[in-house]
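Asker: The lines below spell out each chain.
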Amino acid sequence: MVSATTIRTLSLLLLLAYPALIFPHGVGMDLDRQEAQIILLHHDDETPLAGAGYELFVAGADLPYQSGRTDAGGRVVFLPGDIRQWRLRVFGEDGHGMDRQFELTADPPQQGREDHQVSTISRMVLGLGILLSVFGTALLLAKRNRH
Amino acid sequence: MHIPDGFIAPQFYLPAYLVAGGFWVWASRDLRQRLDEETIPRLAVITALAYVVGLVMLPLPGGSSGHLVGIGILAMLFGIRLAFLAYSLVLLLQALLLGAGGMTALPVNALAVGLIGASVMAFSMRWQHRRHPLPYLAAGAYLAVILPALAVALVLGLQPAIAHREDGTPLFFPFGPEVVVPAILLPHLVIGGVEALLTLAVWRYARSRGWLDV
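Chain order of the listed sequences is R and F. Take the first sequence: its letters are residues 0 to 146, numbered as in numbering that gives the first Met the number 0. Take the second sequence: its letters are residues 0 to 213, numbered as in numbering that gives the first Met the number 0.
Note that these hints are calculated values from the structure, not bench results. Do not take every clue at face value.
[To be verified] Beta-carbon label-pair distances, calculated as ranges:
1. F:R208 - R:G50: 42 to 50 angstroms
2. R:A16 - F:P9: 53 to 61 angstroms
3. R:G52 - F:V18: 28 to 36 angstroms
4. F:V178 - R:L125: 31 to 39 angstroms
5. R:V124 - F:D29: 27 to 35 angstroms
6. F:R164 - R:L9: 41 to 49 angstroms
7. F:D29 - R:I129: 20 to 28 angstroms
8. F:W126 - R:L62: 49 to 57 angstroms
9. R:D43 - F:D29: 32 to 40 angstroms
10. R:L131 - F:R28: 23 to 31 angstroms
As the structure is a prediction and not an experimental result, all values here were calculated from the model. Note that CB positions come from ideal geometry on N, CA and C, so glycine has one too.
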């Protein structure tokens, strides 16, 4: 017959042997400082794309490496480690967004806002030029008016 | 309604390309007979207008922004087939040059905006009252924005049901119709009004130049 004192002693020893059992619902926190990669997302007028849902994948992976919403500055911050090839999907509820693959390099190109705007305007003008060229060609091939 | 690549599942955009391709062929038939020296410069200018207004962001109440479409003007002046072709060209250039909309979304946008939008406007032109055409034209231009927006919203809202992982996680656009329909339609209620005003302004100009008598 095992006495109650023996049972209590064995139970205490069991708990001490598995200390993790004593705090099964605890949440710990450690502070760390590492070098992170920042992706800046913005609207066409350069205002930050704040609060947009995103999914970040290692290129070729099916499950996201990280997902969430951009911060107030339109930033996605993550720790890439040694992985270079990535894919970012950004979803707006209204159907706007992007799905883009990119490669991290040691020295990312510094592109200013003015460069981006000039590039956009240049491409807009290029589009107008192409449109007018298409219709100019059509004009050359068009039938002549009879009146 | 510039849906980027990666939002629409191939199970949807591949058949959409087939359908759109059929309509592009239909719209291109007898093109040479319908284009003459007077029509082409006008079509060029109005297509350029649609290209530009589709890229200019207008601030909307609530802090969001949107852009005009121009399909009502194209359809009003040139009919469904030319408007569909011209707007498809606009979408192609916006996608290739500016990344505004993706190539996988091109047939969906072309069918929704270029075909449905142009058809709505063309029907309103056909049914317009001879003495009081303005309400018909305004309603046509307004609905030429709203109905395509609804169509695009429904297509996007269908994507989670069309393509998802075994656990139900969407593989493409993640929001269902209950989220995306109001998110797209509400801004377009305002955009449609501005589009109707622009269309009426162009209609007055076109009528004064005799373009609508042809």
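Asker: Against each hint, give a clear statement of whether it holds in the structure.
Answerer: Hint check results:
As the Cβ distance of R208 of chain F to G50 of chain R is approximately 47 angstroms, the hint placing it in 42 to 50 angstroms holds. Between A16 of chain R and P9 of chain F the CB atoms are about 56 angstroms apart, so this pair conforms to the stated range of 53 to 61 angstroms. Taking 28 to 36 angstroms as the suggested C-beta distance range, the pair G52 of chain R and V18 of chain F conforms, at roughly 30 angstroms. Under the hint 31 to 39 angstroms, the C-beta atoms of V178 of chain F and L125 of chain R, about 36 angstroms apart, fit the expected range.
A hinted range of 27 to 35 angstroms for the beta carbons of V124 of chain R and D29 of chain F is consistent with their spacing of about 33 angstroms. At about 48 angstroms, the CB distance of R164 of chain F to L9 of chain R agrees with the hint of 41 to 49 angstroms. A hinted range of 20 to 28 angstroms for the beta carbons of D29 of chain F and I129 of chain R is consistent with their spacing of about 25 angstroms. The hint said 49 to 57 angstroms for the Cβ distance between W126 of chain F and L62 of chain R, and at roughly 53 angstroms that hint holds.
For the pair D43 of chain R and D29 of chain F, the beta carbons lie near 39 angstroms from each other, so the given range of 32 to 40 angstroms is met. Against the hinted window of 23 to 31 angstroms, the Cβ-Cβ separation of L131 of chain R and R28 of chain F comes to about 25 angstroms, which satisfies the hint.
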